[in-house]
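If you're matching them up, the sequences are chains R and X in order. The numbering of the first sequence is the numbering used here, which starts it at 1 and goes up by one. The numbering of the second sequence is the numbering used here, which starts it at 1 and goes up by one.
Honestly, the hints are just simulated from the structure, not real lab data. Just so we're clear, the structure is a prediction, and the values are computed from it rather than from any experiment. Note that beta-carbon positions come from the ideal geometry of N, C-alpha and C, so glycine has one too. Treat each hint with caution, since some may be false.
Derived DEER-like restraints, expressed as beta-carbon distance ranges [said to hold, decoys possible]:
| hint | chain 1 | residue 1 | chain 2 | residue 2 | range |
| --- | --- | --- | --- | --- | --- |
| 1 | R | Y87 | X | Q135 | 29 to 39 Å |
| 2 | R | E128 | X | D6 | 46 to 56 Å |
| 3 | R | L136 | X | E151 | 22 to 32 Å |
Computed cross-link-like contacts, BS3-like style, restricted to lysine-lysine with a CA-CA straight-line distance of at most 27 Å [unchecked claim]:
| hint | chain 1 | residue 1 | chain 2 | residue 2 |
| --- | --- | --- | --- | --- |
| 4 | X | K156 | R | K135 |
| 5 | R | K158 | X | K128 |
| 6 | X | K156 | R | K131 |
Computed, partial: chain R to chain X, Cβ under 8 Å [as the list claims (entries may be wrong)]:
| hint | residue |
| --- | --- |
| 7 | S32 |
| 8 | T34 |
| 9 | P120 |
| 10 | D124 |
| 11 | W142 |
| 12 | I162 |
Letter by letter, the chains look like this.
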Amino acid sequence: MVLGGSVLLLGGSTFTIVTRLSFEATSTPIPSETRIDNNFYYFELDYNLAIPVGVAGKCDERFYRVIHFRERDSVVCIAPKEIIEKYRRELDVFNRKALIYSVLKKLNPERYSCIFLVRPSAFDFYHEVVKNVSKLGFDVMWFPLENFQPIVFDIGNKRLEIRR
Amino acid sequence: MSETRDLVFAVVFLSIIVLVGVAAVLTTMVYTVNAPVSLNVDISVHDERYPLVVVFERNVASFWCNDLCPSSDEIKESLRDFCDSFDKLRQQLPDVYNQPDAIRQFVEKNLDKRKLYLVSAVRPSGVKLFQAFLQAKKDWRLDESSIPVPEGWAVKLNCK
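Could you build all of it, start to finish, from the sequences and the hints given here?
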């Protein structure tokens, strides 16, 4: 983000204060991806927290309650609030030692792409996170989720399922 | 006597400077808190195809029909035709904005994929419609891209 300039003008017996402050972020549109692939590594963004989901259908059980629907060949992953609270510091994207960065260090950017599942509360943080992750050499894609919408991997059809 | 007068003058002058400084800092703080945030979105002509921006906001989809990038007359005409057709559809079907199937059918029929591609700007209030739009066209792939835009942020489109 860039902080715009602030100018203070003093002229004659009267003075004028001109402030021109604005925050600017620059971003490039990227693909919104609903297909699932073994080479996609998912992160959920909620507020300033980046929660490592994992590869499709194998959600990290430290953070997610994982429900398998064998008859539908789908996997539902839900991050309980109390667990996220417990790991808040490790998940905070502003923490240099945040889990997202240690997870990415172990992944090969030539093999894996990062998919961000973005909650409405994280639409602003998304731009900062994507900038950092792109610098590490990963291809990045995203998909928006509504509040409280579960993450559903439809393994049979190789797609993210939109379920309310 | 004159020394006292000079001292008083210096104190008054310094007080004014301090007050101006405090006022400037306070004003800056207020402006910072209420600072408008803008998102510069870099778009480009890609594989000789022109970016057509669609905004998903408050569960309404609207097309950005401005001529943003330098382009040929042929592409300008294609963009104009698309937008004119959407205007006509809107008159026939006033709530087409929030019907993902109708938007998808319209785009499928009217978007010249050789000349145009979609760039979706998605606000939090437009997520539901955007998801439905993506789901509706799951068997219909377009080289498309999208960007999340926080509620309240202004969007500036820059053609690179």
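Quick rundown of the hints versus the structure:
1. Checked against the hint of 29 to 39 Å, the pair Y87 of chain R and Q135 of chain X passes, with Cβ atoms roughly 31 Å apart.
2. The beta-carbon spacing between E128 of chain R and D6 of chain X, approximately 54 Å, falls within the hinted interval of 46 to 56 Å.
3. At roughly 29 Å, the beta carbons of L136 of chain R and E151 of chain X sit within the given window of 22 to 32 Å.
4. With a C-alpha separation of about 23 Å, the suggested pairing of K156 of chain X with K135 of chain R holds against the 27 Å cut-off.
5. A distance of roughly 21 Å separates the Cα atoms of K158 of chain R and K128 of chain X; the hinted pair therefore holds under the 27 Å criterion.
6. For the proposed pair K156 of chain X and K131 of chain R, the alpha carbon gap of about 18 Å is at most 27 Å, so the pair holds.
7. Given hint, S32 of chain R at the interface with chain X, holds; its Cβ is 4 Å from that chain's nearest Cβ, closer than 8 Å.
8. Taking 8 Å as the C-beta contact cut-off toward chain X, the hint placing T34 of chain R at the interface holds, the least distance being around 6 Å.
9. At a threshold of 8 Å, the smallest CB-CB gap from P120 of chain R to chain X is about 3 Å, leaving the interface hint in force.
10. Checking D124 of chain R against chain X by beta carbon gives a least distance of about 4 Å; that is within 8 Å, so the hint holds.
11. Hint on W142 of chain R holds. Least Cβ distance to chain X is approximately 7 Å, under the 8 Å limit.
12. Below 8 Å, beta-carbon pairs count as interface contacts, and I162 of chain R has one with chain X at about 5 Å; its hint therefore holds.
Violated hints: none; the structure is consistent with every hint.
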